[in-house]
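Chemist: Chains as they are written, first to last, in our numbering: chain L, 1 to 723; chain D, 1001 to 1118; chain Y, 2001 to 2181.
I should point out that these hints are in silico values taken from the structure, not numbers from a laboratory. Using N, Cα and C, we set each Cβ at its ideal position, and we do this for glycine too. Fair warning: there could be bad hints in the mix.
[As the list claims (entries may be wrong)] Residues of chain L clear of chain D, computed beta-carbon distances all greater than 10 Å:
no., residue
1, 89
2, 166
3, 442
4, 640
[Stated by the list, open to error] Below, a list of computed lysine-lysine pairs in the BS3-like style, where the Cα atoms sit at most 30 Å apart:
no., chain 1, residue 1, chain 2, residue 2
5, L, 663, Y, 2050
6, D, 1066, D, 1079
7, D, 1066, L, 363
8, L, 530, D, 1057
9, L, 271, D, 1079
10, Y, 2113, L, 298
11, L, 554, L, 110
12, L, 415, D, 1034
13, L, 543, D, 1118
14, L, 492, D, 1118
15, D, 1089, L, 363
16, D, 1077, L, 530
17, D, 1089, D, 1034
18, L, 498, D, 1118
19, D, 1089, L, 542
20, L, 568, D, 1034
21, L, 554, D, 1118
22, L, 415, D, 1049
23, D, 1118, L, 509
24, D, 1077, L, 568
25, L, 498, L, 131
26, L, 543, L, 492
27, D, 1057, L, 131
28, L, 378, D, 1057
29, L, 571, D, 1034
30, L, 530, D, 1034
31, L, 568, D, 1049
32, D, 1066, L, 568
33, L, 387, D, 1118
34, L, 363, D, 1054
35, D, 1034, L, 554
36, L, 363, D, 1118
37, D, 1006, D, 1049
38, L, 571, D, 1077
39, Y, 2050, L, 687
40, D, 1079, D, 1089
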Amino acid sequence: MDRRRFLKTTSGTAGAGAIASSLSCSLRKRGTVSRGGRREVPTTCELCPNKCSVVAVVEDGVIRKLNPNPENPKSRGMLCARGNAGFLQAYDPNRLKRPLIRAGARGEGKWREVSWDEAFDYTAQKLTAIKEKYGPQGVLWSSTEAFAEIFFKNLGLAFGSPNIVRHPTLCLSSVNLAYSTTFGTVPSFDLLNANYVIMAGANRFEALITPDTMDLIDSTMNRKTRLICLDPRFTVTASKADQWFPIKPGTDMAFILAMLHVVIAEGRHDKEFVVNYCTGFEQLTEHVKPYTPEWAEKETEIPARDIGRIAREFSDAAPRAVFYAGRRSSWYQNDFQMRRAQAILNAIVGNWDRQGGMVPNAKIALGEYMFLPWDDPKAPRVDEMDKNFPLAAQGDGAYLKLRENVLAGSPYPVKGWMIAKQDPLNALPEQAKTLRMIEQMDFIAAIDIQMSDSAWYADVLFPESTYLERWDPIEVMSGIWPVVVLRQPVIKPLHDTKPCLEIVQGLAKRLGLQQYFDFTIEQWNEAAAKELPIEMPLEYLKKHGVFTPPGGPKYGATLNPEHRFVTKSGKIELYSERLQENGHDPLPVYHSRPEPPYGKFRLVIGRKAFYTHANSTSNPWLFDFAPENRLWINPASARSAGVADGDQVEVASSVGAVQLRAKVTQEIRPDCVFMLHGFGKRSPWLKRAYNRGGSDAALLETAWDKVSGNAAMHETFVKVRKV
Amino acid sequence: MRMNRKLQLVISSLTAIVFAVLLSMAAMGASSPKGNDGKGRYYFRQTCKECHTKGAKGGEITPLTKTQAQWRSYFLKGKHGGGSETLIKVMADTQLLDVQTYLINHAADSLQPETCGK
Amino acid sequence: MPDKRYALVIDSRKCLDCKACVVACRAENHVPLGYSRNWINEEHRGTWPKLLAAFEPEQCHHCTNPSCVRVCPTGASFQRDDGIVLINEADCIGCRYCVVACPYNARFFREDKGVVEKCTFCVQRVDRGEMPACVETCPSKARVFGDITDPDGKLQQLLATREYRLKKPETGNGPQIYYLI
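Using the sequences and the hints given, assemble the complete structure.
Modeler: Here it is as C-alpha cells:
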C-alpha cells in the first residue's frame, strides 16, 4: 500500500491517475490601490535568504496582511508561515525603538535612551581610540547576509580593518567551496524538473519552506519524482519520501563513494560528458575501486543492495537526477570533501546545465553606483585566512577560527566589535567562548531590530528600521530563471529607527569616511536599475515588486566546447590539482567519524520552518507553534537514560549544559538526540522566548571543516539525565 | 623654463622602462600583483568599459576573458589597441597596477570561490 | 442543484504542516492567539524504523446540510446561496448550540466578543474575486478552491480523476472539503 495513503478511504471514485493540480492565482491589482484607506505595496520578504516577493496590504496606515506576489516566477505565489507573520516585527512592542547606550555593567540590562548624534559620536570616539591603540585591525566587523549588508561591510573596509567576518562559515560555505572547486561556480538544483532526487540531511520539507520546497513537493507528488531521503531522523521530508534510510550519522560520504563505485564500474556514467567537460576521470575510477556497496553498508547501516539499486536508478534517471547539496552548515570536519563527492557524482552522470539537473545560475546585469574605494588594509586578517584556509572565500573569514585567535590575542588583539543583523551568541557553537570574546572587547556596538542575546551585551545599540519600513538596494536573485527584486517602505518607520545605510553614513561622517557613502539609496538604486532592459525601471519595480526577464528558464549555455569553467584547468575538475597543491585530498577520502561512547549520544540539531533563526524568536504568531524545544530521544535510549516523555532533562556536553523537556519518540535513531536550534534565549526583552527551552549554542563544541573553515555542528556528544 | 625636447624624450622613455620593470616584477611573482583589487575594478569600469562592453568598439572584455598567465603576459608587453599604443597612454601607471591586480584575481582560471551574498 | 457552491479540494499528501495557512488566516481574519479557524491534524504511526506521518488541513466544511445552521435559535448562523456558511455576529447570542452541533469542532466561542466564530472561506476575499488566504499562501499548493457545480471547473476535474474521501459523511451534513487520496 502506498505509504502516503494510509488514511482510511470511505468514498470516492476509482482514480485513473493524478493530474497536475495547479492553482489558479487570484486576480490582484498591482501598485497602490486606494479603496477606502486600503493600499497594496509590493516588496520583498526578509525572513530568510529566499527573498520571496510579497504584497503588503495596508489599511488606515496599518499593515494588515502580507500576500504572496504571483509575479515572481521563483516564489510563484507562495508565502510561508514566517513570511505571513513577518509584519509583526514592525509592531513588536519590545523592539528597539531608539538608540541606546549601556548604563550599567555589560549584560546587566541598564540602558540610556540617547539621540542618534550621541550614539554616533560615542561610537566613533571609541572606534578611533581602538584604532589609535591597536590599529584599525583591532575592530571586528561581523554581519549576516542582507541587501544592505554591503554598506556595513564597506564601512569596515574603509575604516581600514581586514577583519570582516560574515555568516557563510556558520552556514553553507563547505557547499559553496566544494562546488566552486569542482565546477567553478555553485549551481541551482532544478528540483521542479528532476525525476530522481537524493536528499541527505537536507530537510527541505520542514526546516525551511522555500521555493525549492514548492518545486520538490510539486514534482514528487504530481510528476512522480522519486525522492530518496537519508537522515538519522524521521523528518517531514523523510515522511514524504519514496524511501527513507536512517543513515548512520557522519557516513554520507561512504554512501556517495559507493554510488560512484557502482556508477563507474557498471559504465553508467555519461561517457561523452565526462570526456568533453571533465578532467581526472581516470584517477577517480581508480580511487573509488575499494568503495564497494558492501563496504559502505558497514559504514552507513544501509543495505548494500539498496545502495547499488539507488546508484542504478539514479544513473538511469540522469540527467534528470540530482544529489541535492543542501544549504545548512557542515556537520563534520570533513564535510567539504563529502560535498566534493556529491559534486563529483552529479558531474559524472551528466546532469550539468540540463533540465532536471544542476544549472549554473543565470544573472541579470545591474548597473552600479561607482566610486573610488579605499586603500587596502595594512594588517593581515586576524584569522589568517591565507594560511589556514587559503582556498576558501577570503573576504568571508572563518568565524570559529577567528574567535579562537581573538581569544588568544594572537596574531594581534581585537578589541572592538561592530555587529550588524547578527546574533553571534546563538549563531556560533560554544556560547561560553562567545561570551568570553564579548568580555574581552573594549567596545561593542550592534545594529539590530530587537534586543537579541548579543545586543543585550552591547555598549551601543543602533535600532534599524524593519524591512517593511525602509528602502534597500534592489537585488538580482540569480538562479535558473533570475529576477530583480525591490524592497520599498510599506509604512513610515514607527519609531526613531534608521535603515542600515543611514546608520553607516552617520558613523562614516564622524570617522572621516563620508566620501565612500556620499549617496542616497535612491541614487544607488537609480544607478543599479539603469541597465535593466525596460522603460523607467525603478517605477516598474515600485509598481510590481519584481522584474522578470522574458524567456523562462534556460539550459545548456555552458554545454559547448568553447566554454571555459572557472577552474585551473578550464574543465570540471573531478580530480582537483589545486586541492592537492594545498595539501588536501584531491579526491574525497573516507574516514570514519568517532562514535559516541557508551552512555552518550550524538547531538543533532535542525530547524523548523516557522521557527528558524533570530527573526522568528519573539514573533507571537510563530512562537505559538513552538514555545520551547524538546530533546528528541528514542524510546530505547530513553529507557537506558531513565527518561520518560515530558521529563525535564539536563543535556551536558564538554562545554556546557542546558535543561529542556524530553520528547520520547520513535522518529530518531537510538544513537542520537535532537533539539531545535534557536531556543534558550538570554535576553529578557525577548519576552516570549526568554528562558524557554535549551540553547544548542551552549552545548555545541567548537569544530570546523578543514578546508572551508565551516562550523561543524554534529561532532558533539552529550549525556542526558533526568533532573 | 622650457625643457629640451631631447631631454623630454629621455625622461619619458626612462619612465616607460621603469614602469615596465615594475610591471614585470609584479607579473613574474607567482602570487597576485600587489595593487588594489577594488580600485582596479573601479578604474577598469571607468576607463576600459567604455570601449570594452558588448557591441562597443573594443569588444567585450571581462576578467574572465584571459587566464592569469595571459593577463600577466599582456601587461608585461604593455601594449594596447592591437599594439597601436602603449598601455601608459590609456591609464596612469599606478592605476594600471591596480587594474592588473583586479584582472588577475578574477581571471578565467583564478581561485575565486563563490559565496552567499556580497 | 444550486447555481454555485464553493468547496475545497485538498491534497493532504502535499501538506507539510508548515502552518502558513494558519498564520495567513490569523492575519486575514484578525483571529487572536488562543483561537484558530483552521488547523492541521497530525498522525504519527509505526515503530522504528518503519514509520509513517501524515498531515491533514481542516476548517469549517461549509456543509450542504449544515447542522450548525439548523440548531441556531436566532438565525445568526446562515448559509449563502453559494454555499458559504456564515455567522451574523449582531444576531449571535453566544448560546453555543452550534459549537456542539458541528461534527468537526470547527466553531469556537470568542470570550472577548461573546459570539461564535469559524472559517468563512474568507468571504471578503471571495467576493472580490480572490482566493481564501489559506489557499493563496500554501507553498505546497495543496488546496484548490472553487465552484464545485461548475462542470468545466478545476474541482470537478480533480474529483473525476482522483480518489477522494470526506470526513464523517455519515452525519448527513454533506461536508464540502474533499480530501484527495
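Chemist: Each hint: holds or not?
Modeler: Taking the hints in turn, this is what the structure says about them:
no., hint, verdict
1, 89, "20 Å, holds"
2, 166, "7 Å, violated"
3, 442, "29 Å, holds"
4, 640, "41 Å, holds"
5, L:663 with Y:2050, "19 Å, holds"
6, D:1066 with D:1079, "15 Å, holds"
7, D:1066 with L:363, "21 Å, holds"
8, L:530 with D:1057, "21 Å, holds"
9, L:271 with D:1079, "43 Å, violated"
10, Y:2113 with L:298, "63 Å, violated"
11, L:554 with L:110, "56 Å, violated"
12, L:415 with D:1034, "28 Å, holds"
13, L:543 with D:1118, "26 Å, holds"
14, L:492 with D:1118, "28 Å, holds"
15, D:1089 with L:363, "34 Å, violated"
16, D:1077 with L:530, "36 Å, violated"
17, D:1089 with D:1034, "22 Å, holds"
18, L:498 with D:1118, "22 Å, holds"
19, D:1089 with L:542, "44 Å, violated"
20, L:568 with D:1034, "21 Å, holds"
21, L:554 with D:1118, "25 Å, holds"
22, L:415 with D:1049, "42 Å, violated"
23, D:1118 with L:509, "24 Å, holds"
24, D:1077 with L:568, "23 Å, holds"
25, L:498 with L:131, "26 Å, holds"
26, L:543 with L:492, "18 Å, holds"
27, D:1057 with L:131, "47 Å, violated"
28, L:378 with D:1057, "39 Å, violated"
29, L:571 with D:1034, "28 Å, holds"
30, L:530 with D:1034, "33 Å, violated"
31, L:568 with D:1049, "26 Å, holds"
32, D:1066 with L:568, "12 Å, holds"
33, L:387 with D:1118, "23 Å, holds"
34, L:363 with D:1054, "16 Å, holds"
35, D:1034 with L:554, "39 Å, violated"
36, L:363 with D:1118, "14 Å, holds"
37, D:1006 with D:1049, "36 Å, violated"
38, L:571 with D:1077, "28 Å, holds"
39, Y:2050 with L:687, "40 Å, violated"
40, D:1079 with D:1089, "9 Å, holds"
Hint violations for this structure: numbers 2, 9, 10, 11, 15, 16, 19, 22, 27, 28, 30, 35, 37, 39, all remaining hints satisfied.
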